[in-house]
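**Q** Taking the hints into account, I'd like the entire structure generated from these sequences.
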Amino acid sequence: MRMISFFLILAGTLVLAGCKDADRPLSYEKGVYAGKADTKLTADQLEALRHRGALQRQ
Amino acid sequence: MLRKKVNGVAKGPRLSSAISELTGGAVDRRTFLRNSGLAIGGLAAVTGLRSGMVTKAEAASDNSGAIKIKKSICTHCAVCCTVLAEVQNGVWIGQEPGFDSPINLGAHCAKGAAVREHAHGERRLKFPTKLVGGKWKKISWDDAINEIGDKMLAIRKESGPDSVYWLGSAKHSNEQAYLFRKLYAFWGSNNGDHQARICHSTTVAGVANTWGYGAMTNSFNDIRKTKAMILLGSNPSEAHPVALQHILKAKEENNAALIVCDPRFTRTASHATEFVRLRPGTDVALIWGILWHIFENSWEDQEYIRQRVWGLEYIREEVKKWTPEETKRVTGVPGSQLRRVARTLATNRPGTIIWCMGGTQHTTGNNNTRAYCILQLALGNIGRTGGGANIFRGHDNVQGATDFCVLSHSLPGYYGLKKGSWKHWARVWDVEYDYLKGRFASEKLMQSKGIPVSRWVDGVLEAKDKIDQPDNLRAMVFWGHANNSQTRGIEMKKAFEKLDLLVVVDPYPTFSAVMSDRTDGVYLLPASTQYETYGSVTASNRSLQWREKVIEPVFECLPDHTIIYKFAKKLGFADEMFKNIKVENDEPNVEEITLEFNKGMWTIGYTGQSPDRLKLHMANQHTFDKTTLKANGGPADGEYYGLPWPCWGTAEMKHPGTPNLYDPSMPVAEGGLNFRARFGVKAPDKWGGANLLAEGGNEGVSYPVGNELKDGHPEFTMAMLKKLGWEGDLTADETAVIEKIAGDKTNWKTDLSGGIQRVAIKHGCAPFGNSKARTVVWNFPDPIPLHREPLYTPRRDLLDKYATYSDRQMFRLPTRYASIQEQDFSKEYPLIMTSGRLVEYEGGGEESRSNKWLAELQQDMFVEINTSDANNLGIRDGQMVWVEGAEKAKLKVMAMVTERVGRGVVFMPFHFGGHFQGKDLRDKYPEGADPYVLGEAANVAFTYGYDSVTNMQETKVSLCKVYKA
Amino acid sequence: MARMKFLCDAERCIECNACVTACKNENEVPWGINRRRVVTINDGKPGERSISVACMHCSDAPCMAVCPVDVFYQTDEGVVLHSKDLCIGCGYCFYACPFGAPQFPQVGNFGSRGKMDKCTFCAGGPETDKSDVEFKKYGRNRLAEGKLPLCAEMCSTKALLAGDGDVVSDIYRERVVSRGFGSGAWGWGRAYPGQGA
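Chains as they are written, first to last, in my numbering: chain A, 1 to 58; chain B, 1 to 965; chain C, 1 to 197.
What the hints contain is simulated information worked out from the structure, not anything from laboratory work. It should be emphasised that the depicted structure is a prediction, and the values quoted were computed from it without experimental measurement. Backbone N, C-alpha and C define an ideal beta-carbon position, used for all residues, glycine too. A few of these clues could be false.
[Said to hold, decoys possible] Keeping only pairs whose Cα atoms sit at most 30 Å apart, straight-line, the calculated DSS-like set for lysine-lysine is: (1) B/Lys961 with C/Lys115; (2) B/Lys599 with B/Lys449; (3) B/Lys70 with C/Lys45; (4) B/Lys70 with C/Lys115; (5) C/Lys137 with C/Lys115.
[As the list claims (entries may be wrong)] Part of the chain B face toward chain C, derived, beta carbon under 7 Å: (6) His120; (7) Leu244; (8) Leu248; (9) Glu252; (10) Arg808.
[Unchecked claim] A short list of chain C residues far from chain B (calculated; beta carbon distances all over 12 Å): (11) Glu48; (12) Lys84; (13) Phe135; (14) Ala152; (15) Met154.
**A** Structure below.
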């Protein structure tokens, strides 16, 4: 019996430990993106993209 | 799925097909195609952006090692788009658009955008492999070459060199093609050929015999200047997609008419301004039907004809017979439509003509191509920018391989097989003529045309006493050549089984490896692709481009020129063959090969394109104009991109290349030209005996600007230079070379110094003379192009007037015409069968079907059948059916019921292989080298029938029946 | 701030599928997943037209509206991206999207859905720009390299255009002008009956 409860506790602990997920947001607010932030494009990058766009002119 | 042509989704995970249905529905319901442009997102608010470019270096990923850009050329079609490969630590990691390329301006089709998959090479043939007791066994390169070589030498001893067949490739680079041609010359046989035989041989024969050269006259870019386009049997939307960039530009900016004549409503036809649906195999009738209206209304260019065209009065006689009624009876096209076509072409000049396999692959292919030329000559469209005969070549280097004559009837540069031709090349190769002669079974066989690829099956199976060589073919080498591009599958299988030796040299095993029931005597040698080596390649427009090596050969693959050297060494003539070419670790030096052919290719001006000049063009692509192809400033100032041949004289002469053939509006020194004087100066008496040289004394029309002779003239010889008093312009060195070759008889083609060409051009003359184009080719079976019904015709009622030729002996083999046409197959086989390309695949398709990005898009071999025929036969869309050809070969394929084909016509793509008469042969491929997609090879069911001049196979029209499987 | 858009000129699209394979090539998209595809209407009949379709990066994106776990975000340039870390593979976005853009790799034997995958406008995703992890999860980040989506850059006929909205619409406007009134631009026939296609 003691053995059984020991294993149950152990199993429970392990199961809960499996839930630990550092990357996943734990709170949720409707309509709000809570994932990792993306890097914004710089002005240089945007300017390069404008130049690049013009190459499609044919 | 078969429905791919509707929604472009591969079968596979069930979800994706569910998505596709939903997408299709959503698109239709919302009719979001209300506008041509489908714009998403709001208008950008312009903000004050700082200038500055993000550099490549910043784009490097975490992996160490700088990303290098390697410039290569796509290995699929002859548009020859630039491929920019990103390579990091020797791995091909990405592809970028080559915006600087004047030919493709960054664009690719599905195939070009997927070439990096080559570097994955998952389905490649990975090492030399040999079939032993029905099982594939890995062997070493040395063992493979030794075993194959020993067998070949034994065959040579028993049956002579002509019993080994060297089938080369339009996938070779120029250097490899040249070496391959040299290989079978040194082996001592003319039994060699490549894909040109079965794609544009009738074009080269017909066009070269009309005005001199057999190539595309203008360029893809030049089409931008046209005012009308007529396409016959050409579907560039699938076969040459990037060409559409230029075609649509002309349509949009010049309001140019786009007339598509085809039995099928192709994807190109869907963009046409006029679609003409003709019955397969009636091209001459169609062209004469158009010309009937032109002559009837005097819409022809009479001044142009007077000065530059010979023999048109004979054509007029023939055309008179093609009244609108007769034309409709034969072609099925109403007279009113052809009148509209004729008027469009007449009122919109310059106009260009474009044709492909739909025109060439017929027993009358040479008649078709000459009729197309005559239409353009009557309209005065040849030799003009925006005009021309823009004949799109198929494979990436089929133009180059043709120019180097990997063919059974000529030496490199179309020199032919005469004694003088051999002597010329013996001089270039620095070997004795007698040495070469000694390699052949006889001098007669040395000068007689070999067996063409279309007929190799007959070369194996035909009774020995009926062929004009000592013995049958006993060994076949398929070097970069798919067997499923040739017809008569049942006989081909027999031929494969009868061979003593079968060698496949290819990046993939190909259908040849598995089609037959052979259990021994098959060798598969892994060749590298052109991305694993370097060298030059000739685009359809005659421009040469230089490829860089992107990656090292994968697995145990080797480049073709290395394998050629290994064979030459084993067969015992490497020392003579590579006398002036450096070889390192069995790899001949590519640049030295280029320089060697530069020394001999005078006929078509492959002499000025040295490796250095070509590399300079590749490095400075951005300096060339996107329409004229001319460099404006920069290191190649004034030259045309890729030095389109003829690039006369030596490289030091710096000829800029010839952008448009026969265009007299520029001096020859600047790329101008006139028609070639190739057929003498006077027509034969039988044909009136009139003057053939250009006449009219009209600068810029009858002779090129700056031509000091101011009219037509014959081709240049040393004697002619002397007669003109121009021999003093030769340098002492040039004179010495000329005197040594043949003295006064030395001509512009055999003068190894290039002096005769240089002096002729200095005086404004084309070295090859200045003649009229001839519309009657008196040395052909049909001097005036005639309509003749296909061998397998459903129109028995037309045979009294339009029967085919009599049976005859050609290319060493008995060749049947009338004896087939006399039999009526049309009752049992009522449907006309034709074939063509799909955009995702190319040629025999083994390579592209092994590319997962492409294979996913087309997973099933299919047959297009008209809705009405399908309903009559009780066939439903997507059902499996048998297509049985008139020679009883059967294909089990999926039915695609569509209006794309007309009633009574079925269409199949020819890229599939790996199934044979209903049987899936996947198990027979070497492990891991089976393509992702297999299917029935259409040509298995295609039938007998060969062009009367070139023995091109008749694969664009035959008969079949279709029934439920 | 400029807004990124795709534009497909149906007068130019020839259904060559370069956009499809370019996308596969650039992003190593596995077999069965189609971030982009070409749709053809009236196949084989007069009036046949094709158009290349992918995620349209809608301003008011329905996928964003319906996602129960809010995996989507929109960049300053209007590119709709999502986090695969958050996605639960429920497929709501797939039902909401009018273009069939969301794709679900099949994982497991019961056809269960993996994380949603779709066109990113070659802008990667919410990981360090140009990192291996970004590439593996979302594909190439061309925008960060100063380059536009490869599907458009490699289009055989320049039918598919991509980039800064005003650059793209300038290019398209020039074309419409040179084609001229009724010169065959899609929709003219409907707007002005009897004056062309």
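**Q** Could you tell me which of the numbered hints above are not met by this structure, giving the numbers in increasing order?
**A** The structure breaks hints 1, 3, 4, 6, 10, 11, 13, 14 and 15; every other hint is satisfied.
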